[in-house]
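Q: Protein sequences, first through last, are from chains A and B. Those letters in the first sequence? Residues 191 to 608, by the working numbering. Those letters in the second sequence? Residues 191 to 608, by the working numbering.
Watch out, some of these pointers could steer you wrong.
Which copy is meant is left open, because identical chains are indistinguishable; a pair holds if it fits in one copy or across any two.
[As the list claims (entries may be wrong)] Under the rule of at most 20 Å between Cα atoms (straight-line distance), these lysine to aspartate or glutamate pairs were calculated in the EDC-like manner:
| # | residue 1 | residue 2 |
| --- | --- | --- |
| 1 | K208 | D594 |
| 2 | K380 | E400 |
| 3 | K350 | E595 |
| 4 | K338 | E400 |
| 5 | K415 | E192 |
| 6 | K195 | E474 |
| 7 | K208 | D306 |
| 8 | K237 | E293 |
| 9 | K503 | D406 |
The hints are simulated quantities; they were obtained by calculation from the structure and are not laboratory data.
2 protein chains.
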Amino acid sequence: METYKYTKSREYFNRALKVIPAGIYGHLGPAEGCFIPVAAFPFFSQKAQGAYFWDVDGNRFIDYMCAYGPNVLGYNDADVDAAALKQLEMGNCVTSPSPIMVELAELLVDTVAMADWVFFAKNGGDVTSLALMTARAATGRSKVILIKGGYHGVAPWTQKLGYPGITEADVINNIYVEWNNYNQLEAAVKENTGQIACLMATPYHHPVFEDNKLPDVGYWQKVRKLCTDQGIVLAIDDVRCGFRLDVAGSDNYFGFKADLICFCKALANGWNLSALCGIDALKEAVSSVMYTGSYWLSAMPFAAAIATLSKLKKLNGPQVMQATGKQLTAGLQKIAANYGFDLAISGVPSLFYMRIANDDSLLLHQEWVAECVKRGIFFTNHHNQFINLALTNEDIEFTHQVADEAFQAVKKRHPEVG
Amino acid sequence: METYKYTKSREYFNRALKVIPAGIYGHLGPAEGCFIPVAAFPFFSQKAQGAYFWDVDGNRFIDYMCAYGPNVLGYNDADVDAAALKQLEMGNCVTSPSPIMVELAELLVDTVAMADWVFFAKNGGDVTSLALMTARAATGRSKVILIKGGYHGVAPWTQKLGYPGITEADVINNIYVEWNNYNQLEAAVKENTGQIACLMATPYHHPVFEDNKLPDVGYWQKVRKLCTDQGIVLAIDDVRCGFRLDVAGSDNYFGFKADLICFCKALANGWNLSALCGIDALKEAVSSVMYTGSYWLSAMPFAAAIATLSKLKKLNGPQVMQATGKQLTAGLQKIAANYGFDLAISGVPSLFYMRIANDDSLLLHQEWVAECVKRGIFFTNHHNQFINLALTNEDIEFTHQVADEAFQAVKKRHPEVG
């Protein structure tokens, strides 16, 4: 198989570097260390449809990043886009909101097990920050317990002292504990009795650059009880996992009930929307927080979200994506084994994390991912991948075929491994 | 003239109250005190086109709030929406950005006088926060000087101690000075020599609940010099004024050059986009900040922004809107005077603030605004209004006619005034 060239991607990137910080900043660009070696990756897309995107050089990719989550039904899903466009004819960003906002809120309250109300915004980080502010407003406390290595957006409080632009005050109320370490959590709560407003965590641990970890049996149930006993608001950041585990919320999937839950990404299949859902006991608190934005009540994303959620339910989306993820990763592991590679798969199959475990430096893994990308399978190195519902059996088979070639190429360079 | 009924608006609002905090939270709803008495205002819109929206009861409004700014060319502008929809056919929220991102960045660098680079995000608050973080990254300092009564979004650092959900640490680095008070600013800088990372301000002072104030002659030039001399990053929050004063930036309008400038609202005629523009000396600093979002590089808003900026330039948008605003407000003042009312107009005409000055309690003003709204002219009480380019002479005439009726109604109830 011929490997891809990225001539035009590089031309655009050189233009971009002149007028945009880092050319492409953030997680879609090479700056965050998930495109290694960068030479293997395209930088600009020309077109996207279903499970694919085409870069500006005309190369087609089966896209296992799904815009890092938003693409859940397939790019340009006809039903979702038709709903959004129908709404556009009526209006989008208007002085008064459309009633479709109420319809979506009602649908979410019906769909998400813990939800008594919904607050809409734009970024995942808008609603993680609102969750924290709501917990503080409700409890009159300031501190928040977070999981080491977790990600809740880019607001200063989510970052670390020493990161550019972050001050001591930004993170002074943060307390970090290890994932799945209930005793450490309990000790942190005890040390700060009556001071913890909020425990914020993802439903399972999906950091970058390391294996993802599911909750231990009984972990969430113990955490839930501790929070209830201590008057701590339990906020789940479901921005990344939301609607890929369970349309009723990832807390429901793991058998507990959050007080607040944050959605974004898969909520509207790429249309710009996030949402905080909460329990009635926190409705007054969230209403008291001064929180608003120029586009937060725009109607097109509401229409898109109704279409997305309806289709996800109709298609049993989370179950289907988990089955697809299992089929894909089981095949990849088998092919890897043929070459003596141990491909470790972790997390939930609909957004699995993978790593060639023969080499802890991850260099071997990077090499293999690069060989896949150059042949039309878009993975990133050190972030979980994402499954979408537009993937076909043929796509999975093609992925396996490319993965085989890629393992072969790596094996050739590293005959000593495995 | 029959005044409007809002039966369906209330029905939807009652439904909304069950599933959405405050029913309609934030500036588009009655919670923030700009809809007084609330009975005079519609809550939900069914349709919007050009300078109008229709509420769910079928009432038409000439809309002087323009979704609080985004509507600058007219709702559902054919050119802007066609550009966005053409881009949708190619792709919107994809794993790799579209080259149209680069084209928009180049256009902004060409258009905005001070801009050497552009960083795109979603909320106005995303870029005001980024401006502050960039200033901190560049200077290694923590403090920020803000203008009393200014608004820079809803991130915790923009709020006040005592507001629900806000902690002391959130605002500990904020220093407040009065607008147009250069001596106070200079003293604050002196007291904190070497500690101020950033001065953030709007290009002129447009608080709610009080007359808006332009910069005194020479104010910005002195401020600019002080910032340069003291190594303070001068960040202009042009979220509200941007592209209604000058397509080259409101700093350009007032004859100075900002180091950072924040755009949102009018940038893409309601399509979801914000942007931070900056000077080359801050490009490395902004690149170093960890800052990204799920939808920040989506392509449709980029296409919409190119179409919006191109049309604003072609139509001399800011000049035309200022002329329209002058025509409107001059007429309103004249009509007010006929009834003995002194209608004080402040700010820049394209986003003028108004207040019936006969009554400092503002109750009279609220009454008059309510009478206008109930007759199809959508003003709010205590926030600046916004002009858009779809307004016709007939719309202005109709507004004057309604304003006359409204003054008459108020005069009838308060014959003693004026």
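Q: Against this structure, judge whether each hint is valid.
A: To see whether the hints hold, each was checked on the structure:
1. K208 <-> D594: Classified as neither: same-chain Cα gap 39 Å, cross-chain 54 Å, threshold 20 Å.
2. K380 <-> E400: Neither, since 29 Å and 48 Å both go past 20 Å.
3. K350 <-> E595: neither (41 Å within a copy, 59 Å between copies)
4. K338 <-> E400: within (12 Å within a copy, 46 Å between copies)
5. K415 <-> E192: The answer is neither: 56 Å in one copy and 59 Å across copies each exceed 20 Å.
6. K195 <-> E474: neither (56 Å within a copy, 29 Å between copies)
7. K208 <-> D306: between (48 Å within a copy, 8 Å between copies)
8. K237 <-> E293: between (32 Å within a copy, 16 Å between copies)
9. K503 <-> D406: neither (28 Å within a copy, 59 Å between copies)
Going through the hint list in order, the structure does not satisfy hints 1, 2, 3, 5, 6 and 9.
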